[in-house]
Amino acid sequence: MELDWSGPQLDGYCTCPYAGDGHFCKHPVAVGLAVIDSGAVDDTTEVASALQATVQAMDVDELRELVMTLAHRDGEVRRMLEVRATAASGDDTTAKAEFEAYVRNAVEFRGFVDYRESYAVAQAASQVLDELERHLNAGSAEIVRPALLCALTVLRTITEQTDDSSGVIGAECQHAADLYAQACRLSRPDPVELARWLVTSGPPRRVGRHWCSQISSTRSTTEPSRFTALQSRTWTASTQVATIGAGLKSTPCCWSSPITTATSIELLRC
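In the UniProt record's numbering, the protein residues as written are 1 to 270.
Just so you know, not all the hints are guaranteed correct.
Claimed, not checked - The calculated lysine to any residue pairs, modelled on SDA-like cross-linking and capped at a C-alpha distance of 25 Å, are:
| id | residue 1 | residue 2 |
| --- | --- | --- |
| 1 | Lys96 | Leu186 |
| 2 | Lys26 | Arg156 |
| 3 | Lys96 | Asp178 |
| 4 | Lys96 | Ala141 |
| 5 | Lys96 | Val154 |
| 6 | Lys96 | Glu133 |
| 7 | Lys96 | Arg156 |
| 8 | Lys96 | Ser126 |
| 9 | Lys96 | Val113 |
Read the hints as simulated data drawn from the structure, not as lab findings.
Can you make the complete structure from the sequences, with help from the hints?
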């Protein structure tokens with residue numbers, strides 16, 4: 001039996017049959033209560049403060065040496081530095097490919113993801129999205145947009161093959177959707193390709209409505225008829241949305257929450 005409180009959330013492992021079915025059993029609970037009673041829990045706040053003080057006291061050369069040491073020891077750190085180096089090179093095509101490869105290498109998981117593994121998946125996704133968000137906020141929306149779509153697609157696939165009863169992977173999926181919407185607003189995605197993605201795939205059901213509201217832009221509408229043509233595809237859900245202007249008819253919505261045709265047209269303004 002193992003109880004771990006070193007991460008962002010309490011986790012535990014036990015060999016009993018109940019825990020084997022993916023549940024958090026009573027044995028880690030009992031151990032946790034015993035540890036609390038004994039007063040043996042580390043003061044993580046003190047430890048974090050001490051680490052922060054140590055890092056702040058280091059000079060530039062010491063920090064560089066530390067980063068290079070970490071890069072040699074940890075493949076993820078090395079990969080992150082390689083991605084940043086490519087992004088700074090000015091070669092946008094290579095940078096886009098590197099960012100997508102970074103996402104796939106870090107986030108893709110094979111097979112069914114059980115409850116315990118879901119936290120590891122979510123943590124890996126969070127680290128990747130934080131890195132992409134850093135570049136997005138630095139003005140590289142066009143470069144990271146394909147990687148954010150890749151992350152959203154991969155996470156959507158994972159949610160279909162996982163026990164995400166804790167909701168941690170779904171939260172990262174939401175985060176990816178928000179960042180992709182932001183990247184679309186700050187760059188110039190092809191409007192037809194974006195509309196086709198919404199019709200044939202789109203964001204996950206749980207984030208679809210919020211995603212469309214986030215991506216809305218103030219740019220002028222460009223050829224709504226192109227989106228109308230894409231609507232010839234048969235959509236799967238039965239929810240009907242109201243008829244709106246521009247001569248467009250009401251259509252079934254492909255998400256569990258209604259998405260108006262007006263909102264869909266807004267996507268063509270990106």
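For each hint, the structure was consulted:
1. Lys96 to Leu186: holds, 16 Å
2. Lys26 to Arg156: violated, 32 Å
3. Lys96 to Asp178: Cα-Cα ~19 Å, so holds.
4. Lys96 to Ala141: holds, 11 Å
5. Lys96 to Val154: Holds, at roughly 17 Å.
6. Lys96 to Glu133: holds, 14 Å
7. Lys96 to Arg156: Between Lys96 and Arg156 the Cα gap is close to 21 Å, so the pair holds against 25 Å.
8. Lys96 to Ser126: Holds - the C-alpha atoms of Ser126 and Lys96 are around 19 Å apart, at most 25 Å.
9. Lys96 to Val113: violated, 28 Å
The structure shown violates the earlier hints numbered 2 and 9.
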